[in-house]
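Participant: Residue numbers (full-length UniProt numbering), protein chains in the order written: chain P, 1 to 194; chain Y, 1 to 470.
Certain hints may be false.
[Said to hold, decoys possible] Simulated crosslink set (DSSO-like; lysine-lysine; CA at most 27 Å straight-line): (1) K419/Y x K77/Y; (2) K3/Y x K419/Y; (3) K166/Y x K166/P; (4) K187/P x K460/Y; (5) K395/Y x K441/Y; (6) K178/Y x K188/P; (7) K280/Y x K166/Y; (8) K166/P x K77/Y; (9) K3/Y x K260/Y; (10) K178/Y x K3/Y; (11) K32/P x K460/Y; (12) K419/Y x K10/Y; (13) K187/P x K369/Y; (14) K266/Y x K10/Y; (15) K18/Y x K32/P; (16) K32/P x K260/Y; (17) K188/P x K10/Y; (18) K48/Y x K32/P; (19) K424/Y x K56/P.
[Said to hold, decoys possible] Residues from chain P that keep clear of chain Y, each with C-beta distances beyond 12 Å, as calculated: (20) K75; (21) N113; (22) S151.
FYI, nobody ran anything at the bench for these hints, they're computed from the structure. No residue lacks a Cβ here, since even glycine has one placed at the ideal position from N, Cα and C.
This is what each chain is made of:
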Amino acid sequence: MKEKFTTLISTAVPLSIENIDTDQIIPARFLKATTREGFGNNLFRDWRYDAAENPKASFVLNDNRYSGKILVAGKNFGCGSSREHAAWALYDYGFRVIISSFFADIFKNNALNNALLPIQVSDAFLLEIFNKIESDPNTSITIDLENQKVSIGHSSEHFDINAYKKTCLINGYDDIDYLLDLRPEIKKFDLLHK
Amino acid sequence: MTKAKTLFEKIWDAHVVKRQEGHPDALFIDRHFIHEVTSPQAFDGLRKRGIGVFNTARTSATADHNVPTKDQHLPIKEALSRHQVETLRKNCEAFGIELYDLGHPFQGIVHIIGPELGLTQPGMTIVCGDSHTSTHGAFGNIAFGIGTSEVEQVLATQCVLQHKPKTMKIEINGSLGKGVLAKDIILYIIAKLSASGATGYFIEYAGSTIESLSMEARMTICNMSIEMGARGGLIAPDETTFNYMRGRKFAPQGEDFERKVEDWRKLKTDDGAAYDLIVKFDAADIAPMITYGTNPGMGIKITDRIPNTRELKEIGEYASFNKSLEYMGLEGGSSILGKAIDYVFIGSCTNARMEDLRLVADMVKGKKKAEHVEVWIVPGSKQVEEQARKEGLDKIFEAAGFELRSPGCSACLGMNEDKVPAGKYCISTSNRNFEGRQGPKSRTFLASPLSAAAAAITGKVTDVRDLMDT
Ligand code: SF4
C-alpha cells in the first residue's frame, strides 16, 4: 500500500530548465544505496552544492522564498535513465507533484509507481504558473486528482491521467497487487512459452 | 482475414496474459536481466511480501555498473560499490538466480552479454532495470527498460503492467559514406528528431541501410532509441541475425535451432500494416557526427558549425541551450573541428563489442596517441576482453599508448573510479552527454569509435575521413 492521493494544496518550487535528465535529478555516484530512502539529500546535488559542498545560493532549492510539495519544471522532465532513484529522490525530498509541459515516458511510470504525480500542462499554462510563482512565491497551486484539475489563482487547466493509475493513486494500490492475483493464469502462460 | 500487424504488435499481442478495457496490459516477460544498482530494493520488496521469484530460469544477473575496470580480481575498494555488488551476490544466492559475477567468464555489461550468450532471441519480450535494454531489440524482440518497482513485479510475477506504446517506423535507405558508422546513423537520427522526439513510441528500424548492417551495428542503433525518448527500437530478424546466433551458449542448438529459425523468419511486419508515424532518411545525407551539448539530440556533422541561438526553432529553448553551451565551454556558431580533447573513452553498451575494438585497432595500428590525451578502452564483456587479447589487439593498443581495461560500464556513467575530471573534455563512444554524466563537471562529446580513435591520435576533434586511406 502506498500513500493515498486525493487533493493537494501547496506552494511550489519553480525550476525553469528544460530537458532535466535523471543524472541531474540524482547523479549516478549517489545510486549506491540499497534501500529506497535517503536519496532526497542528493536531489539535484550538483546544482544545489558547489565542489566544496556549500549550498549554491543561486539554485532554487536553496532559495528560501520557495518551498512546497510541488515542483514546477521545464519541458521534457525526467529524460535519460530508467532509474527509479530519480522518483525516490524527489519523493524523499518532499515533493508529491511535478508539473511540466512534457515528461519522459519511463520517468512518468516510475513516478506514478511511487505516489509522485506527474502533471502535464500546456506550454502556455506552464509559463503562467512560472510567472505567478516567481512574482509571488506564496502563491499556492491546487491539485484536484478526482476532477483532474490543476488551478492557480483564477486559472485552471484539466490534466490527463490514465484511469487505472488514477484509481491506484486515490486508493494507494500497487501494480504488483494486481499482478500477484494473476499468478495462476501467468503460470499457465509461462508453461506454454518455453 | 486477420488484420495486418506490425512486428511490434505481433510480439506484444503474443505476450499479453490479460487485457482489460481501460487498464494496462499484463505483459509476460520471457527474459529478465538484473544488475547491482536497480535490483536491491526489488529483492527487499519480495522479502517484505514474503514471496520468492516466480521463475528463476528467466532472470540472469551480472555486476557491471560500478565495478572497477582494473584489478577486478581484488575486492572492490570503494565501500558502497562493494556493498552493492555483495548485496547482488547475496540476493542471487538467496533467491536462486544465475549470477555472472566479477571473475566469471560471462561477466560484462548486461546488454552486451545477453546477445553474446544467446539469451537474447527474436520474438521475445525482454526487460531490465536499465534504459538501454532497447539494445536487445536488434534481434527482433520487444526490449525495454523498467524501474525498480517493475523489476519487483517481474521477479514476483514474470509480468509487467504496461500500456501499449504507439509505433513508429524509421526507414533508412542507401549506402553509407566513408567513415560513417552505425553510431553516426543514430546520432544523426536523434539530432533530427530531438531528445524527446520519439517519446511514447516504439520504433522499428528498417530499410536497405539497416539490412546491410552487422548485428553489432544494429545493436548500436537500437541501444540509443531511448535517447530520443522511445520505449525501445527493434529490427526484424534476418540471416544476419540467425548467423550471429548460431552456436551461442544459450541459443537452441543443432536441429532445434534450425526449427526455431523457421519460426523466426515469420517475425516481420505484414504488408499494409499501419504505423502511427513513419520517418524516412537517406543514408547519403549522413556523415560522421558529434554532439556539442548536454543532451544526445544536440548533435551535428563533425564538419558543421555549432548552431547559435538564432537557429533555434523555439524561443523557449534559449535558456537551456545557452546553459548547455556554457557548461560545455563552447561558442555558438563556432567550428567543433580542432577542439582539443583530454580523454578518450571507448566503451559502454553502445560501442564496446569486438567489431568496435577491431575498427579502433585498425585505425590506430602503427600510430601513437597525442601526448596530452588519456585513452581508456573498456571492453563490454569478459568474452570481448579475452577475444581482443587473443587477436593481439591489446598489443596494438599498448603500442599506441592506449589502455585496455577489464569490462564494466566504467566512464559511461562514472559510478566507479573511471571519472573524467571537472572541466575536461572527453570524446566518448557511450550514449549520454548529460551534465556530470562522466564525472562532476565533465564535458562529453559523443561520437563513433572511429571518430574517438582519430581524436586520440590527433588530440583534437578530427574528421576521421582525413586519416583514412583513400
Ligand atoms: S554502459 Fe552505460 S548505458 Fe550501458 S548499461 Fe552501463 S551505464 Fe547504462
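Participant: Work down the list of hints and note, for each, if the structure agrees.
Facilitator: So, going through the hints one by one against the coordinates:
1. K419/Y x K77/Y: 15 Å, holds
2. K3/Y x K419/Y: 52 Å, violated
3. K166/Y x K166/P: Within the cut-off at roughly 21 Å; holds.
4. K187/P x K460/Y: 57 Å, violated
5. K395/Y x K441/Y: Violated - the C-alpha atoms of K441/Y and K395/Y are around 33 Å apart, more than 27 Å.
6. K178/Y x K188/P: 52 Å, violated
7. K280/Y x K166/Y: 17 Å, holds
8. K166/P x K77/Y: 45 Å, violated
9. K3/Y x K260/Y: Since the Cα atoms of K3/Y and K260/Y sit roughly 25 Å apart, the hinted pair holds (cutoff 27 Å).
10. K178/Y x K3/Y: Status violated; Cα separation ~42 Å.
11. K32/P x K460/Y: 34 Å, violated
12. K419/Y x K10/Y: Cα-Cα ~43 Å, so violated.
13. K187/P x K369/Y: 56 Å, violated
14. K266/Y x K10/Y: At roughly 10 Å apart (the allowed maximum being 27 Å), K10/Y and K266/Y satisfy the hint.
15. K18/Y x K32/P: 36 Å, violated
16. K32/P x K260/Y: With a Cα-Cα distance of about 41 Å, the restraint between K32/P and K260/Y is violated, given a limit of 27 Å.
17. K188/P x K10/Y: 20 Å, holds
18. K48/Y x K32/P: Distance of about 21 Å is within 27 Å: holds.
19. K424/Y x K56/P: Since the Cα atoms of K424/Y and K56/P sit roughly 22 Å apart, the hinted pair holds (cutoff 27 Å).
20. K75: 7 Å, violated
21. N113: The claim breaks: N113/P does not keep its Cβ more than 12 Å from every Cβ of chain Y (closest is about 4 Å).
22. S151: 23 Å, holds
Hint compliance for this structure: hints 2, 4, 5, 6, 8, 10, 11, 12, 13, 15, 16, 20 and 21 are broken, all remaining hints hold.
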